[in-house]
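Enquirer: Between the sequences and the hints, there should be enough to build the whole structure, so can you do that?
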Amino acid sequence: AQKITQTQPGMFVQEKEAVTLDCTYDTSDPSYGLFWYKQPSSGEMIFLIYQGSYDQQNATEGRYSLNFQKARKSANLVISASQLGDSAMYFCAMREGPSGYALNFGKGTSLLVTP
Amino acid sequence: DARVTQTPRHKVTEMGQEVTMRCQPILGHNTVFWYRQTMMQGLELLAYFRNRAPLDDSGMPKDRFSAEMPDATLATLKIQPSEPRDSAVYFCASGHGQGTDTQYFGPGTRLTVL
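Protein sequences appear in the order of chains A and B. First residue of the first sequence: 1, per this note's numbering; consecutive thereafter. First residue of the second sequence: 1001, per this note's numbering; consecutive thereafter.
These aren't lab readings, by the way, just hints derived from the structure by calculation. Hints should not be assumed to be uniformly reliable.
Dumping the calculated DSS-like pairs for lysine-lysine here, alpha-carbon to alpha-carbon at most 30 angstroms [said to hold, decoys possible]:
#  : chain 1 : residue 1 : chain 2 : residue 2
1  : A       : Lys3      : A       : Lys70
2  : B       : Lys1078   : A       : Lys73
3  : B       : Lys1062   : A       : Lys107
4  : B       : Lys1078   : B       : Lys1062
5  : B       : Lys1078   : A       : Lys107
6  : A       : Lys70     : A       : Lys107
7  : A       : Lys73     : B       : Lys1011
8  : A       : Lys107    : A       : Lys3
9  : B       : Lys1062   : B       : Lys1011
10 : A       : Lys107    : A       : Lys73
11 : A       : Lys73     : A       : Lys3
12 : A       : Lys16     : A       : Lys107
13 : B       : Lys1062   : A       : Lys3
14 : A       : Lys70     : A       : Lys16
15 : B       : Lys1078   : B       : Lys1011
Expert: Structure follows, in structure tokens:
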């Protein structure tokens, strides 16, 4: 069964607007971590933001924030004030269990920021 | 600026040849992961190590793939013999193995098997 689901294969957003990329996850483990990575056309995987299952507050990192709804098992990434350089693939990933375990990745969402 | 390094960045080889990919994890990280990315399968785990000991290699075809960590600064992934279906980008990632345990990825090795 798919552990991470990203239902939006592609998204468009206009420069300076905010955009939400969806991610739902499936786990029965009470301890887990959720990650978002950005993969630009150059191919590298860039870590953006992390949310732990026990964290009380939604994570924020600059223009990135994570809308964590535990009961719904969703961890949507919000990018505020989009920039042209935000055009990339975005992957949601989950680590089940404590630290030191591998990540399960979603299929990704391709984001295109237009002028 | 600590980074995961991988060599080679690109490799083109013929079917049946041996391929060796190398990874230098970030100094002080005790977990090392190998992932493979293809258009069809996306990102999938091949193997990973903690404190140089293999923890899980269930994602690897055992008959042709092998992963090792001869020391704390080097992880290797070998394919012998290589096949066209092995064509993919192979990423190495490393992490602290504790706390938020963010995994930091290397630039990847793009492998093409003809």
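Enquirer: Going through the earlier hints one by one, which of them does the structure break, listed in rising order?
Expert: Hints 2, 7 contradicted; others consistent.
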